[in-house]
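**Student:** Okay, here's what each chain looks like letter by letter:
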Amino acid sequence: MTAIVPEALSFPTAFQRAQAGDHDAFAEMIGRHEAMVYSLAWNFFGDRSRAEEVAQDVFLQLYRSLATIESESHLLFWLRQVTSRRCIDQARRARFKLVSLDDAGEVAATPRAADPLLDRRLKSLIGDLPDVQRAVVTLRYQEDLDPAEICRIVGMPVNTVKSHLHRALQSLRRKLEKHP
Amino acid sequence: MNLEDDLRRTLRRESPAPGFAARVLERIDRAEVAPPVREHPGRTWRAVAASLTLTALLGGWGAHAVYERREGERAREQVLLALRLAGQKVRYAQGEVRTIGSSE
Chain C
1 MTAIVPEALS FPTAFQRAQA GDHDAFAEMI GRHEAMVYSL AWNFFGDRSR
51 AEEVAQDVFL QLYRSLATIE SESHLLFWLR QVTSRRCIDQ ARRARFKLVS
101 LDDAGEVAAT PRAADPLLDR RLKSLIGDLP DVQRAVVTLR YQEDLDPAEI
151 CRIVGMPVNT VKSHLHRALQ SLRRKLEKHP
Chain B
1001 MNLEDDLRRT LRRESPAPGF AARVLERIDR AEVAPPVREH PGRTWRAVAA
1051 SLTLTALLGG WGAHAVYERR EGERAREQVL LALRLAGQKV RYAQGEVRTI
1101 GSSE
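Keeping their order, the protein sequence lines are chains C and B.
Everything in the first sequence is counted per the numbering used here, starting at 1 for the first residue and increasing by one.
Everything in the second sequence is counted per the numbering used here, starting at 1001 for the first residue and increasing by one.
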């Protein structure tokens, strides 16, 4: 038998405690979502210190906005949206220097990489994509979101998102075929 | 080679350096951000009740003032009407007196 639990009841107590100003509970929340937020920034910028800074800023913004978060699913959406938009805005403002192959070496060292060289090459090619395409590709393949979900996060029509994805994949394929 | 699978693997989630949450909390403790303001439900209801009471008091006072003004205007109209009627009666009586005087 499956019990149906209303979302308000199943909502983690840590979240409610954090809303009341409990720092330990907020730390618990950070621990649950830090990999997602950090990776969105890391996969976008290809720079670990930059990703750390962006991720910290996002959680600081979350701390200020805790009272406006309504549920766990709203929290996930909020974190993805704020992180992605922050990445795009910062890249547009600063034209931040993207990953060098030396930085990407850290990725190659992770045990899950099936082909470290391809991983490194792809990381570099993703870094060359235009800002919005890079954000859309990251949301699609890191977070496994479909275009309908991505369009809500980046604030664009779904067809524009599909078009960005299509062009990004075309560009990556072309470059990989040219220099495998 | 499947590009989409490769992208999923390349763009997988990774954790930040250990101690990330502590670093965020340190920034919060350094008073970089104000604590979250969670509106207490009881406080909200008290504010609503106070607003309603004030509205009722002001509304009642306003309605009373309007009523008093209308009563005053009605009394004034009645006095003017009474004066108008009295004037007509006096004019009529004067006319009668003049008629009797001229016929004698």
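Hints in this document: simulated from the structure, not taken from any laboratory.
The structure displayed is predicted, hence computed values, not measured ones.
Any given hint could turn out to be false.
Which chain B residues stay away from chain C? Per the calculated CB distances, all over 10 Å, these [claimed, not checked]:
| no. | residue |
| --- | --- |
| 1 | Ala1017 |
| 2 | Arg1069 |
| 3 | Ala1075 |
One-sided and incomplete, this derived list gives chain C residues near chain B with beta-carbon spacing under 7 Å [stated by the list, open to error]:
| no. | residue |
| --- | --- |
| 4 | Tyr38 |
| 5 | Phe59 |
| 6 | Tyr63 |
| 7 | Tyr141 |
| 8 | Lys162 |
| 9 | Ser163 |
Virtual Cβ for every residue (Gly too), placed ideally from N, Cα, C.
**Student:** Now tell me if each hint is right for this structure.
**Tutor:** We went through each hint and held it up to the structure:
no.: 1; hint: Ala1017; result: 7 Å, violated
no.: 2; hint: Arg1069; result: 47 Å, holds
no.: 3; hint: Ala1075; result: 58 Å, holds
no.: 4; hint: Tyr38; result: 4 Å, holds
no.: 5; hint: Phe59; result: 5 Å, holds
no.: 6; hint: Tyr63; result: 6 Å, holds
no.: 7; hint: Tyr141; result: 4 Å, holds
no.: 8; hint: Lys162; result: 14 Å, violated
no.: 9; hint: Ser163; result: 17 Å, violated
Checked against the numbered hints given earlier, this structure breaks hints 1, 8, 9; the rest are met.
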